[in-house]
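All chains, full assembly: derive it from the sequences and hints.
Chains as they are written, first to last, in the UniProt record's numbering: chain A, 1 to 186; chain B, 1 to 250.
Some clues are possibly wrong.
[What the hints assert, rightly or not] Below, computed lysine to any residue pairings styled on SDA-like, alpha-carbon distance capped at 25 Å:
{"id": "1", "chain 1": "A", "residue 1": "Lys-170", "chain 2": "B", "residue 2": "Arg-49"}
{"id": "2", "chain 1": "A", "residue 1": "Lys-74", "chain 2": "A", "residue 2": "Ser-21"}
{"id": "3", "chain 1": "A", "residue 1": "Lys-170", "chain 2": "B", "residue 2": "Thr-26"}
{"id": "4", "chain 1": "B", "residue 1": "Lys-181", "chain 2": "A", "residue 2": "Arg-94"}
{"id": "5", "chain 1": "A", "residue 1": "Lys-32", "chain 2": "B", "residue 2": "Thr-59"}
{"id": "6", "chain 1": "A", "residue 1": "Lys-32", "chain 2": "B", "residue 2": "Asp-199"}
{"id": "7", "chain 1": "A", "residue 1": "Lys-32", "chain 2": "B", "residue 2": "Tyr-66"}
{"id": "8", "chain 1": "B", "residue 1": "Lys-234", "chain 2": "B", "residue 2": "Gln-136"}
{"id": "9", "chain 1": "A", "residue 1": "Lys-74", "chain 2": "A", "residue 2": "Gln-24"}
{"id": "10", "chain 1": "A", "residue 1": "Lys-74", "chain 2": "B", "residue 2": "Leu-22"}
Worth flagging that the hints you see were computed from the coordinates, not collected in a lab.
So you can see what is in the structure, the chains are spelled out below.
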Amino acid sequence: MSVSSPAERDELNRLLQQSGSHDQKAFAELYKRTSSRLFGVCLRMLRDRGEAEEVLQETYTTVWRRAASFDASKASAITWLVTLSRNKAIDRLRQHREQLMDDPSRLDEMVDEQPTPAADAQTGQEYRRLQHCLDELEPQQQSSVREAFFTGATYNELATRCKVPLGTMKSWIRRSLMQLRTCLDS
Amino acid sequence: MNNPTDDGNHNLRYAEYVLGVLDADTRADVAREVLASDEAATAVALWQRRLIPLADSVTEVAPAPYVWARIQHALQLDAPTRAQPPGKLWNNLPLWHWLGIGASAIAVALLVVVALPRKPPTPAATMVAYMAATIQQDNGSTGWTATVDPQHAHMVVVPATPIAFEPGRAPELWLIPAGGKPISVGMIARDRATTLILDATLVARLGPTVTLAVSVEPTEGSPTGQPTGPVIAKGALSTAPNAGGKVSSA
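Spelled out as structure tokens, the structure:
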């Protein structure tokens, strides 16, 4: 499922708003259309199906309770939903960071997940614009931003994974963020 | 930490928050700021709009169907399409109390309740081993009674008397295999019956060596997947006497 078309985005906004009025049918439809996207995000960050399922469950129970606070003028429904699931996944990662750090297999999983051309074709205009701006970064910096986004790692963890000093990682990411802002807002 | 003259870096903190690179404490600081200040909320929303589209490139993965079932149960939503809707009778706490709070009484009652809306059960169906546990508090009084229907992967957990919890805390039920780590069954209500759907992994673990325990957790459940708060009640799961398939004497 792609959420790239404006019609699809409007439809998701409407479903989320209706969920805010406790419309169970709309909520079920919203889950049907968005859960695979959110589950993909959770799985990518947590790398554990059981944990990702729990975070997905927490996410949608929160969606049901908080959907009334969704404001389509501030964010699209899909941005709101992805943000919520990422926040919950990151909270969970932070809470057992030690366990994850002790697991050496995780440190070897520095994956720079470049989208496949097929996946790229399905993504929306906003993504293509962001990808264009990411492409203008130094390769190492681009890969750090992606790694940070997709794994929810802290500066410390990223520095360890990339075997660079913490200060270097911070300046890579901050410089990248400033460049991205300039590029995206232009 | 916030240097008002350094607007650029301050704004970057919102970007770092959205990207997800901050440690737990700094994250919590920014989250509080977002709640307290419209300006912070707007800055974070802008960064979300800029960065969240990256998630478009993540491979979508369909979650297992039981995740939706769990969400419906956690929210007590109607489930009109389910083959086995837990009816009003099933969730009626006074009825459960009236039927008795002993585990085996509940188990026998369950046989009656599940048999009611259906055709006369075949002998094979009545031989299904229901399981039950009296989940006792440290002071010996019953906290909850759990009845398990392995065939339909259902568990009903009924509180004996409502137990008080601090705001933001709630009971979570765990299944503990002998010598194993606790596995979360789900959040349960402190003051009414909760019906839980068991996934296949849990059903496979059911047996006489299993203990059920209740711990105090944040209302959204243990953040770690293991109990984080004190265990306030526990009890062993045992096969309920099913009266040789005859329920009329209950």
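Comparing the hints with the structure gives:
Between A:Lys-170 and B:Arg-49 the CA atoms are separated by roughly 22 Å; this keeps the pair inside 25 Å, and the hint holds. For the given pair, A:Lys-74 sits about 19 Å from A:Ser-21 by alpha-carbon distance, which is consistent with the 25 Å threshold. Of the supplied pair hints, the one linking A:Lys-170 and B:Thr-26 holds, its CA atoms being roughly 15 Å apart against a limit of 25 Å. For a cut-off of 25 Å, the pair hint linking B:Lys-181 to A:Arg-94 stands: about 21 Å separates their Cα positions.
Restraint check for A:Lys-32 and B:Thr-59: the C-alpha separation of about 16 Å stays at or below 25 Å, so the hint holds. Among the hinted pairs, A:Lys-32 with B:Asp-199 is consistent with the structure: their alpha-carbon atoms are about 20 Å apart, no more than 25 Å. For the hint linking A:Lys-32 to B:Tyr-66, the alpha-carbon distance of about 13 Å falls within 25 Å, and the restraint holds. With a CA separation close to 5 Å, the supplied pair B:Lys-234 and B:Gln-136 stays within the 25 Å bound.
Between A:Lys-74 and A:Gln-24, the direct Cα distance comes to roughly 24 Å. Compliance with the 25 Å bound is thereby established for this hinted pair. For the hint pairing A:Lys-74 with B:Leu-22, the CA-to-CA distance comes to about 23 Å; that is within 25 Å, so the pair holds.
When held up to the earlier numbered hints, the structure conflicts with none and fits them all.
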